[in-house]
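From the two separate chains plus the hints, produce the assembled complex.
Protein chains in written order, with my numbering: chain A, 1 to 261; chain B, 262 to 522.
A portion of the hints provided could be inaccurate.
Stated by the list, open to error - Below, computed lysine-lysine pairings styled on PhoX-like, alpha-carbon distance capped at 20 angstroms:
no. : chain 1 : residue 1 : chain 2 : residue 2
1   : A       : Lys187    : B       : Lys364
2   : B       : Lys364    : B       : Lys330
3   : A       : Lys187    : B       : Lys330
Stated by the list, open to error - A few chain A residues facing chain B, derived, Cβ under 8 angstroms:
no. : residue
4   : Thr194
5   : Ala198
6   : Ala199
7   : Leu215
Simulated from the structure, these hints should not be mistaken for laboratory data. No residue lacks a Cβ here, since even glycine has one placed at the ideal position from N, Cα and C.
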Amino acid sequence: MDEEKIKRLADHLAEAERSGLAVEPITKIEPEISVEDAYRVQLLTVGRKVNAGDVITGKKIGLTSLAMQTLLGVDQPDYGHLLDSMAVENHGHISCKKVLQPKVEAEIAFFLKRDLKGPRVTALDVMLATEYVVPALEVVDSRIADWKIKLEDTVADNASSGFYVLGGRPVKPDQIDLVMAGMVLYKNGEVMNTGVGAAALGNPAVCVAWLANKLAEFDIPLKAGEVILSGALSAAIAAEPGDSFRARIAHLGEVGVRFTS
Amino acid sequence: MLAEQVCRALAQKLVDAELGKQEIVKLTAEYPELSVEDGYLIQEELIKLKNEQGHSVLALKMGLTSQAKMKQMNVHEPICGVIFDYMAIDNGILPLGELIHPKVEAEIAFVLGKDIAGPGVTGAQVLAATEYVLPALEIIDSRYKNFEFTLPDVIADNTSSSRVFFGSRLKRPDELELDLVGVTLSINGQMKDLGAGAAVLGHPAHSVAMLANMLARKGEKLRAGQVILSGGITGAHQLFAGNVVSAHWDGLGGIDFVVKE
Chain A
1 MDEEKIKRLA DHLAEAERSG LAVEPITKIE PEISVEDAYR VQLLTVGRKV NAGDVITGKK
61 IGLTSLAMQT LLGVDQPDYG HLLDSMAVEN HGHISCKKVL QPKVEAEIAF FLKRDLKGPR
121 VTALDVMLAT EYVVPALEVV DSRIADWKIK LEDTVADNAS SGFYVLGGRP VKPDQIDLVM
181 AGMVLYKNGE VMNTGVGAAA LGNPAVCVAW LANKLAEFDI PLKAGEVILS GALSAAIAAE
241 PGDSFRARIA HLGEVGVRFT S
Chain B
262 MLAEQVCRAL AQKLVDAELG KQEIVKLTAE YPELSVEDGY LIQEELIKLK NEQGHSVLAL
322 KMGLTSQAKM KQMNVHEPIC GVIFDYMAID NGILPLGELI HPKVEAEIAF VLGKDIAGPG
382 VTGAQVLAAT EYVLPALEII DSRYKNFEFT LPDVIADNTS SSRVFFGSRL KRPDELELDL
442 VGVTLSINGQ MKDLGAGAAV LGHPAHSVAM LANMLARKGE KLRAGQVILS GGITGAHQLF
502 AGNVVSAHWD GLGGIDFVVK E
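Chain B on its own, in the form it takes in the complex (with noise of 0.2 angstroms):
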């Protein structure tokens, strides 16, 4: 396990690249041992850098949650990481400016009206403990080069979170068949990719139910309140300047923004 003084010098290069826009080469090229348990330590020595510089966690999030993306990775268990306040955008643009090569895929978040405490915990209880959800549009935005990462890279990189666009729908969980959703997400009026809630682990709320199985191995737990994002219905697309981006979900309305240099 790497030192605490070296999870921390690492979470400082990942903050850099990411306030520098200035991608990097994986961690794991100069550390080729990092482990996925080292992937985590140095996300929380970031998310304590993120604190200092005075941002809070918004929400938490779920990445490689589809059968596709776990294959590419090789992995059983999807990842998580957080999202911060500042990366939440509410105008409608999304300043290319301030990033390195995003990406946007589309998301249901959901919001806790009840704690959750693993291990155990099933999808079905989820949506017990579920005040709303609502559609998000994630940006991921890794600070590697290329998106070329290893697991526990990606993990260490806060699991390329970058902003969120939330929508204006909320709805109660038991008002919709989550896996039934139905998803569409264009780029310049054109569909570019499309799903159902069903490659979400095949329903979201699994997702929601691993994450708080996954915090109970560290003896910790969801909490009311709480928001998560579930994972990508759609894949990722890769944003360019002047892109007008629209997605939409069956009874959850839908969200538009546009790319701005």
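Chain A with its partners taken away, still in its complex shape (with noise of 0.2 angstroms):
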């Protein structure tokens, strides 16, 4: 697909995001799109946000359940970029404003000691790496109408990024089985539901594997501190002006987060 038309792509994307109204899937205005021009797509749209002064602070990894891949017909999952923009401090709001149509689920967030570069890292790479997992609430949201999207509009919008949110306690990984991790998301006081760390992929340090081996395709290796989001450990929860979510990951302490109108 030649640039121009990535850039309006980006471009179409963007609008809604200054307009605050949600667009038409780009699968709609270009259904030929690939997913590796959808990623050309989202590297240009973070590029643009870089350049005006936004910092990348990490990664996030979607699509990383088996029910969202069967809803969207895939066998993989997707990433997007994190910025210092979309983080929020723990316990803290995020004004209704700033999202359409938001989500939130609760994941486990890595950080590294020291750089990973695929291919062929495996999850036991991934946990000699780590220096500390934190408990992280990602509010997603996406630029398409109605969450109407197929791989491509996702990953073209930097896989439906919106915030994030890391909160409890860093906790080194031989501290926890990551697997077995029990996860519970509460909204305004209310169980919403429950998860566990093999929700991800069976295990959240695959994910973190496969954006390191992903990641190699592009020649870039998965940076020491860096936030890694690792994939939802269950489904997302929408979010509406006054709600408050607070979700509680075993041995990791809890996240929370409010929406102001």
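Structure below.
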């Protein structure tokens, strides 16, 4: 796909962000778009933000549950970029003016002590390179109207990223069985759903290994100190003004966020 | 309210269905006015019949403890039943030939160290009175066709109790955060379901507290030494001949069994 079309698609998504009004799927505008081209749209969008002064703080892995993969008809995850402007302090708030159709999911966030570069990175490599993990809430959001997304739409749209919140306490990887760590997600004090580490491709470290190997295709390493959101441990819950969300993950503590009008 | 004779006849019908492995039409098809109280009266008669056959109560159980199931059945309170001694399986084999259409769900079982008398009991008091917790896989097997029943029906049918596998790892309740214990349930190596303890009424101990409060209405209490299945953390999954079932609880080990004709 030529650069002009990539730019137009990035403009299309940027317009949704600017106006606060969701737009039609890019797969409707360019039905032939490939996943690779969708990543080009994402990289262009992220690059523009960085040029405007934003800073890349890490990566997120999406589509890590069998349910989501089945829904979109894919057999692998996708990834997006986390930016400084997306970080929210634990128990902070997010104005609903800054999001279009937000949903909240709980995840385990990884921080590496050394770079990891694929290919052939394994889950064990990830564990050995991990300095600590913390509980995280990811606020996913789609610039595509009514979340009517195909794989290429969400990839181009920075893997439907919105905001992220880190909480709890940093825990070394030998202090927790990431596969079996339980999670409970509350909205306004009520249990919305529960999950366990295994919900993310069987093991959150497998998701991070996938990302390291995927990035190797672009000759990029996962960097020490980056935030890596490894994938949702339960279904995403829609958020409205006034809602407060809280998640607890076994051994890691809790993380919360509130939505204001 | 139903006459004792009618209750006994209906209880006999359910016992016969279980022994004959012959599913029956729900009782409310013939007795549409059956109340929840009637359901418990029939269950009491069923327990008497089992006692007369030489079976004793091994454990108590709670059912409909998830928000999803309570909504589905349109109720605000869980239901309770009993597990008989013949229902415990120690050899790792579920004999399909003895059952109708069994399903499996993963739970946490409590063993009480002290009596608990309601009303007004809370989860904290339950934890203080608990000697051990351990993992359990409950097999439910409604005697009704296609698991189709109303609330009074399922109460009369001893809340679908059928079989139970207990894990070998006992822990004191203060060694775990029970609401954050992650659980996975796999059949033939494929993960079928997962969750955390909070899926049971926000905390498995809440379920036991509710049981104590429900018993208090009848002037009864929970007793030291009693075993209580607190309710499904996962959904219930139907089993077929040849299935290999494997479940894991964070910090509580696992349980495996096979389903044989």
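Handout entry: In rising order, the numbers of the hints this structure does not comply with
Key = 1 and 7
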